[in-house]
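2 protein chains.
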Amino acid sequence: MFRIQLFVFFLYVWPFSARSEDGSRLWLRYDPVSDVVAQRRTVQVNQKHETALLAQHELNTYWRGTSIQLNVDQKEAKLKEGYRISFSAGAIRVTAARPVGLLYAAYHLLRLQETVGEIDPLPIEEIPSYDIRILNHWDNLDGSIERGYAGRSLWKWTELPDKISPRYTEYARANASIGINATVLNNVNASPYILNTAYLEKVRALADIFRPYGIRVYLSVNFSSPVILDGLKDADPSRLEVQDWWKKKVKEVYKLVPDFGGFLVKANSEGQPGPQDYGRTHAEGANMLADALKPFGGIVMWRAFVYSPTSEDRAKQAYLEFVPLDKAFRDNVIVQIKNGPIDFQPREPFNPLFGAMQHTSQMVEFQITQEYLGFSNHLAYLAPLFKETLDSDTYGRGAGSTVAKVTDGTWHPKRVSAIAAVANIGEDRNWTGHDFAQANWYAFGRLAWRHELSSEQIAEEWIKLTFHTDETFIRSTKEIMMPSREAVVNYMMPLGLHHIFAFDHHYGPEPWGDRKGGRADWMPWYYHNADSIGIGFNRTDTGSDAAGQYHAPIAEIYGDRTLCPENLLLWFHHVPWDYRMRSGRTLWEELCEHYDRGVKQTRRFQESWDRLEHHVDQPRFLAVQSKLKIQAKDAMWWKDACLLYFQTFCKKPIPFHIERPIHALDDLKKIKLQLTHHN
Amino acid sequence: MFRIQLFVFFLYVWPFSARSEDGSRLWLRYDPVSDVVAQRRTVQVNQKHETALLAQHELNTYWRGTSIQLNVDQKEAKLKEGYRISFSAGAIRVTAARPVGLLYAAYHLLRLQETVGEIDPLPIEEIPSYDIRILNHWDNLDGSIERGYAGRSLWKWTELPDKISPRYTEYARANASIGINATVLNNVNASPYILNTAYLEKVRALADIFRPYGIRVYLSVNFSSPVILDGLKDADPSRLEVQDWWKKKVKEVYKLVPDFGGFLVKANSEGQPGPQDYGRTHAEGANMLADALKPFGGIVMWRAFVYSPTSEDRAKQAYLEFVPLDKAFRDNVIVQIKNGPIDFQPREPFNPLFGAMQHTSQMVEFQITQEYLGFSNHLAYLAPLFKETLDSDTYGRGAGSTVAKVTDGTWHPKRVSAIAAVANIGEDRNWTGHDFAQANWYAFGRLAWRHELSSEQIAEEWIKLTFHTDETFIRSTKEIMMPSREAVVNYMMPLGLHHIFAFDHHYGPEPWGDRKGGRADWMPWYYHNADSIGIGFNRTDTGSDAAGQYHAPIAEIYGDRTLCPENLLLWFHHVPWDYRMRSGRTLWEELCEHYDRGVKQTRRFQESWDRLEHHVDQPRFLAVQSKLKIQAKDAMWWKDACLLYFQTFCKKPIPFHIERPIHALDDLKKIKLQLTHHN
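Just so you know, the sequences run in chain order A and B. For the first sequence, position 520 matches number 520 in full-length UniProt numbering, and the numbering has no gaps at all. For the second sequence, position 61 matches number 61 in full-length UniProt numbering, and the numbering has no gaps at all.
Only chain A is shown next, with the shape it has when bound in the complex (with noise of 0.2 angstroms):
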């Protein structure tokens, strides 16, 4: 009944409307109703807000069904961003605590509208998972992206605030409409200049902007950015002046931006300055900036991603740092961890760190950027790789201590909690390089909307939304998404190896890569340590133990090779070239076959895309299928590149159902990539 209510204009529409596809319109592909339709029903709010008359501004404009009421009551604060949607005397109630939860429903609505889908039970009520639902932008003052495929930054720093792109907007609303409400502006490598007053009107004008979409801007700050900005003689923050600086620097941002949401820093990581420089702790450093931000309601999230070229296994040195500092940290401080101990690789087990702080507040950093997955040249759609990590059992408090668990409030009810990603978007018309990888952006989004959705569930919305409706479509373009996060494990690195890619760049394989005299971390060598012996990285006791930073069982599973998840095994042990797999395959045999596996799953790809030409329109449809021949040759690269390259410890042949290789190492070893654009 309600359904058949709700749709009552419902026309359906078929996809390939005049309008030209450039993928510029991202999941918002809605057209305006006709006044016919709009004069049938009224959107009516009971508020003046910006944001809550957004909200009746939207559905006023795009909506085809029937009456609307919007109500803001603040009695209903357990909602937070949340909202309500009931149905009575023939018209839709919306009810929120806050006026941007209007606006969230106001988009739930239209995606109803839009993709015809099943519809729960009255009445829906969404309650964000997280509080600070946030994207990092690695973007650079100079208008470069670090690791980002998508062309130059989005933020015109040059123009700003003078010059306002109608993009600023559109970015705004696309993040509201899937319940985005922070971002951070700039690159956590970051320049001190941002906190300069001439780029703090800049961030204002931006902050205007997002204000009514309900986003939140945060700036990644400089450790040093007191020396470098006024001269101070140094940063440590034991010291009365460097706090003063930060005291005056926070009140004149928040006059600027009176909403600031705080800063995110990386600090002694990677050479970017930091407390220990003056024999400080992490904790010291952050609290100092949580110190000044508190009077305002500002936050620090301070990062995790922390490792020296020492002797001990990169893997734990994260957790070795954090872990003493776990009563330090003010109660305004979130570290950010990445979803694993190295860094955004296509598989990795979560990281030791969640949980393992019992009195810290956590939140994950994700990688959308495909930084180790193929750019934006590659199609891999990561929601599986987001559930995996937020699914992961830490054990930090028994069992069901997952990851979503450790951080979306579940053990500090009273602090906010937040989740992260870092962004894929950039001045491409279509934003993010790939039209597929807007499923990314899309997906963090309502994950960190709602962390119990489903990959699927997520790719089948965007699929309708993105393109259409058409059951055929859907179909094979799931079963193009579903399993393509694994496809690019297959080809790249299966079985749990990690970081043998090309060095610099992260775009191509180089699991022989070496530079003298460079940091062992860096060298793919480091990671998968083959020899005659075997492959694989020992983590275990008899190694560098990084399995013993787990709780227990996760310790006593990823240490033991006969109970580790053969999908993480080279990140946990070294395993000799005859092992004998679950399969019944050795080693050997299985990764021969997981490489093959990858190219053929890409081609498989390029099959179900091709059959798909008339389902969808002709510029999207050709863009992604370049795209995909792209990966498919990329995936023959990979797999002849490690399969040749670790050929040459185990000594053995490519079991010879296994499509042969096409390339001589010594030629993929002559492979230098020229590629600049990421940054």
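Some clues are possibly wrong.
No copy is singled out in the list; a pair is fine if it fits within one copy or between any two copies.
[As the list claims (entries may be wrong)] Below are the DSS-like pairs computed for lysine-lysine, each with C-alpha atoms no more than 27 angstroms apart in a straight line: (1) K78 x K670; (2) K651 x K629; (3) K629 x K652; (4) K248 x K294; (5) K669 x K633; (6) K163 x K670; (7) K633 x K670; (8) K478 x K652; (9) K633 x K672; (10) K669 x K516; (11) K414 x K75; (12) K629 x K233; (13) K652 x K633.
The hints are simulated quantities; they were obtained by calculation from the structure and are not laboratory data. Nothing here was measured: the structure is a model prediction, and the numbers come from that model.
Dock chain B against the given chain A, drawing on the hints supplied.
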């Protein structure tokens, strides 16, 4: 019984001898016998002729069987250069009319010894199919080789005649061992300077080395030689001065090389000078040279490879020019005709000139060097191509008038018969670049000796001699070789497509090729004629009527698309994309099928070869393995280039079970290979 006695001392030698296998020994990998073996038998000869003594020497050195008596018997003239092998009174008896017959018999016996093959019942009698079995070297005086892919020229013109490379003898012996008895030393695009006295001295040095092996030297001559070398005002063959110049020159040649074979001439073709420059016919030009050579027993091989940038179908031009001259040539002129009417394509119909000239001696010119079949990178065993032409029935004198019969002396028993092929030999250690390209040199020799031999029989012989006699190895290697030429046809130019190669170098695909102002008949579109309706060259009576140049019933068969063999369909017909093929598939689908099959065949070759790793020496295993990788990669390149390009005309999808392209057409169009090593 015979077999036992023949091989009484035979010891099975395992192929992996200590000697490093670099391919330099070709199919002549016998090791000298021990003194013990040598002393158990005798090898006697009834003549002191240097060639007879060489036969004795070869057997003395390598023969592990019973005693042998070698006899020259001039009464056995019908054996020509052949021999009879019988067995009586405990010894093998070899009879030949000429000393070289003994040498050929010696290699026959050694081949039997090495291959452990089944032996025909005694007496063995072999009479060569052709009198002249000749290689054409397209070697330039500067040491480069036109269309050569195995390094630079064997002939060190700057060192000769003073310094003699040991490879000259090895070359002669290799040819003699397969019955080749003649060689044209220099390129048909001939430098006049080859007839300078200084160069003739060098030629003499080579002829002296080749003579004991029964090999006579020929030269390509430039028709303008009298003008360029001695300043005659022209080279008009009707002028006495010109005729005298040639007579004098020929006399000089014979003084230095008394058994000189004669001249090969490319005239009035692709910019070469010729009699037509003076309004004279090919016959008048050829006859002038023939008259000069006649007193010394020399002959003229006059090439029919002529075509002008006229509106007439290039495939028809040789026929149109030469047929009217049928009765005009001297007896010691042989018209040398490329196997097909265009130019050594992966597949062509036989040249319609064969059998069309009833009075003129004709000879086939094959191309061993793989100008159009992947250079020395692709494995393509060419015996099936050679056989396809030789076995083609021209119906010139009714059924059974195969190209072989037209050319082997059956039609003109009193004149010399000949067969030629463009060599693939260079100074590479393995002579031919690709180890398997040796098989094409070998196969040409064997077929020139006995055109009845089957491709498979020759392949088997060659494998046994070149590698070893392991059954698995022979079977698997034959499974690579036998379909290999068809694989090239599949991934380059199936169904009668031709000449869609990249301009100039003829390695990669360029069906889109076009050069403003260039000759139409050098452009791929001239040959494929792809348009929205279909593809192929209409050579029926509604088109150029090249099919009409064939005798009945071939003209009717080729001219009717329902009768035309499908592997030549697009050679003779412009066929609609939707045309229903015998398979039930449309033409477009069938085209896709062939290209895909070609790619898969190359992968199968890789797999089969890789499986043989432990059945073959490592150096050659690796060399061939890496060439097969290139071939597999190139096959994908060809497939994608042709299908994506033709798809722009037919606008149909590539059937979905066909592996998807991995290249973008625009990228493929940008490929410009800097291939200069071939000339």
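Query - Violated hints, by number in ascending order, as checked against the structure - result: 1, 6 and 12
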